[in-house]
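Engineer: Assemble chain V onto chain C, guided by the hints.
There are 2 protein chains.
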Amino acid sequence: MSETDTPPSSKVIRNDPWYGSYAARAEAMRASEIRALFAVASRPEVVSLAGGMPYLEYMPFKELSELIAKMMVDKGDVAWQYGSAQGDPHLREDVLQIMELEGITDAQPDDVVITNGSQNALDLITRIMCDPGDVVLSEAPNYVGALGAFQSFQVEVVNVMLDENGLIPESFEQTIVEQRKLGKKVKFLYTVPNFHNPAGVTLSVERRPRILEIARKYHVLIVEDNPYGLLGFNGQTYPAMRSMDNQNVVYMSSFSKIIAPGMRIAWMIAPPGIRQKLVLANEASVLCPPNMSQFTIATYLDNFDWKKQINDYRGMYKERCDTMDAALHEYLPYCSWHKPKGGFYIWLKIPEGLDSRAMLPRAVTAKVAYVAGTGFYTNGEGRDHMRLSFCYPTPDRIHEGVRRLAGVIDAERETTELFGTSGVPDSDPRDPEYPGPQVR
Amino acid sequence: MSETDTPPSSKVIRNDPWYGSYAARAEAMRASEIRALFAVASRPEVVSLAGGMPYLEYMPFKELSELIAKMMVDKGDVAWQYGSAQGDPHLREDVLQIMELEGITDAQPDDVVITNGSQNALDLITRIMCDPGDVVLSEAPNYVGALGAFQSFQVEVVNVMLDENGLIPESFEQTIVEQRKLGKKVKFLYTVPNFHNPAGVTLSVERRPRILEIARKYHVLIVEDNPYGLLGFNGQTYPAMRSMDNQNVVYMSSFSKIIAPGMRIAWMIAPPGIRQKLVLANEASVLCPPNMSQFTIATYLDNFDWKKQINDYRGMYKERCDTMDAALHEYLPYCSWHKPKGGFYIWLKIPEGLDSRAMLPRAVTAKVAYVAGTGFYTNGEGRDHMRLSFCYPTPDRIHEGVRRLAGVIDAERETTELFGTSGVPDSDPRDPEYPGPQVR
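As you go down the protein sequences, you meet chains C and V in turn. Quick note: the first sequence uses full-length UniProt numbering, first residue 1, plus one each step. Quick note: the second sequence uses full-length UniProt numbering, first residue 1, plus one each step.
Looking at chain C on its own, in the form it has when it is part of the complex:
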């Protein structure tokens, strides 16, 4: 959800005549209480450290507009027409050079499926792999958008542990074994190896082959979601797991973070049998990805120095991350966090006894917004964490936002110390709210 957005559907619907008629998967879908806050949080006076929007102000829109106009004159009748369910062949060729930067050199255009953003890619892979009750393994804290897709297909999400070097291989193996003992079908491991959202950590290069080995040993598919891989602050990249195994990995990436999200264009590569089903699932889901978006992205890739632009993004996000890290050291030295080496997010641990979810309204009142940690779990965990995004606000806003946040946390600590609680009763240990991918 964009920060300039008004919250859709935030009102409580009373006396819904269709109550009781919905699918089981939809009964749990409710407008989040957090949504109501977003209306306030999107006011300009609030510093939002909540959203996961890339900062686009430096895009060459003037030059772009001329090239897009030319594309419309030359190819408007195709750009405005239906396209292939697998995606435009030219763009499928284009994405190969992007993946080469992370070591994937054996992919062919026919291996690629273009999707309506990674969200739809997550939807498609879950749709073709998972029956209700099947298990997907996923790092905790989880990427919220993935939880939404899994929930849609009534998948049981089982968490695998993460440390500062990313997914822990032993935890992966142990969880497979445990789930099989319970009679569960483990369909795939969902992992964000680089600059994890929200945890900020990166899977160490040493662990990658070990995870693949476990996947092969137990015949569990790996879904490698890599939207941030090219946003390493020092230009460093890590070899994709897909570069080490083309049979057991479905790889997905997106233009949303490295270029811009408004086209909703992402892609997947998959082994042939899976890829064939993904194309059919894409048809059932959206018929075909938008040609206008695909042609716009291709126009950009073909005419601009996109490698330089990504490098500029890296520098910009590095500065913002450094600013946030410094401000946290200055104002919240008693909190703890792992400083990420790339990406968009810092996963902040707040002092014992505080509750990030309960505190959020008071933060918004103090004109700073974040995402409470509970949004990244399905089991009510996460109250001791919050996700802070440094991607969209400018450095001075980030500094100011952290300063305001510190004011709120300081006040909470005082209250807790005085009364032994942050003063907000909460009888439900499980977070019933799906906060929605506005936190991406």
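Derived by calculation from the structure, the hints in this document are not laboratory data. Certain hints may be false.
The list makes no distinction among identical chains, and a pair is therefore deemed to hold if it is satisfied within one copy or across any two copies.
Here are the computed lysine-lysine pairs in the DSS-like style, where the Cα-Cα straight-line distance is at most 30 Å [stated by the list, open to error]:
hint, residue 1, residue 2
1, K70, K307
2, K75, K367
3, K75, K318
4, K339, K217
5, K349, K185
6, K318, K308
Structural biologist: Just chain V now, with coordinates in the frame of chain C:
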């Protein structure tokens, strides 16, 4: 699927190591044998009467390109950014004036959900309403894309009868009663009331309130899919069922046929409780519809005389329909069909004993393509019908296509008369192939 498209995933995948690991819903997903034909059918020498692509050559791409360039300069940073899961507020306002043309005057922007084409709208409504095994009622022959969406959520499609005045109310009521006796949950009626795809018929104005009355009596939701309503050849429109009942109807329409499909922008309006879940489902499915597409459509609507353009489309499609009708009278007088009053399709009944599916490879060899009737049923019916599209080929190509088709059908009849069969053994009475929305 576009006619210029190569067939994705048409190769048979042998020794898929993931065979047996897929979801039940995906096991039935197979690349259709029809797909292989599409590669041939898309050659320029073949007259394709198969696709459902609008004809875009008269679109003012030159003028449009300048306005889109201006939009990019003025609003590029928003057009390229994430948007709201409910859709852009300006576009949600814009669609109200389109719906007014069919009598919907009480809708508000907050009732609207923008989707990635109607295919995704079908996905969303099925996702929130249907558990596996639930029943959806649908006119037979069925719109293929809807069957794909229903199959994704393991819905049981039960057909309701159709005649030249559209859906038969008595059949609707009787089917509800029968299904309830069987203990089935009937979740909604899916109907394309105007210029049905593929049947070409329109629901009479008299029947509309009767169908609503039955829906209310049994508390069955109506999903009214109306992509063609403004394409009545004489400028006639019919009151939407949604205009008569705002509590029991989910209405959907699309820009794909009245303007262009390359943006993949459609919309739904729904009662508040349902609409709220649709927004959450939209987030889980695609996060948000593409801003670039939404801004492009809005730029078009705000700057061009779109009513005149739709009127031009009507005239163009009327001429093409007249041409096809006349050619059928000239070359295939022994077939039967209902001449549509709008839309894109003629549903042709072929002589007794012929099999439209078995005949298709011979038609493509004779350089004409159509969609076999079996694609519009889930139970193997439809061999005695084919869908002919008059939307995309020019009138002279339509005339030539029907002439070629007549050659094929004539030859089949001779074979049948000589041998008592069209010569193609077929032991499977049920069509195992989901032909995919390429036939839209």
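Engineer: Each hint: holds or not?
Structural biologist: Okay, the hints, checked on the actual structure:
1. When the C-alpha separation of K70 and K307 is checked against a cutoff of 30 Å, the pair qualifies both within a copy, at 23 Å, and between copies, at 26 Å.
2. In this homomeric assembly, K75 and K367 come within 30 Å of each other (Cα to Cα) only across copies, at 27 Å, whereas the closest approach inside a single copy is 47 Å.
3. In this homomeric assembly, K75 and K318 come within 30 Å of each other (Cα to Cα) only across copies, at 26 Å, whereas the closest approach inside a single copy is 38 Å.
4. When the C-alpha separation of K339 and K217 is checked against a cutoff of 30 Å, the pair qualifies neither within a copy, at 34 Å, nor between copies, at 61 Å.
5. In the homo-oligomer, the alpha carbons of K349 and K185 never lie at most 30 Å apart, since the shortest distance is 34 Å inside one protomer and 47 Å across protomers.
6. Proximity of K318 and K308 under a CA criterion of 30 Å is satisfied intra-copy only: 15 Å inside one chain copy versus 52 Å between copies.
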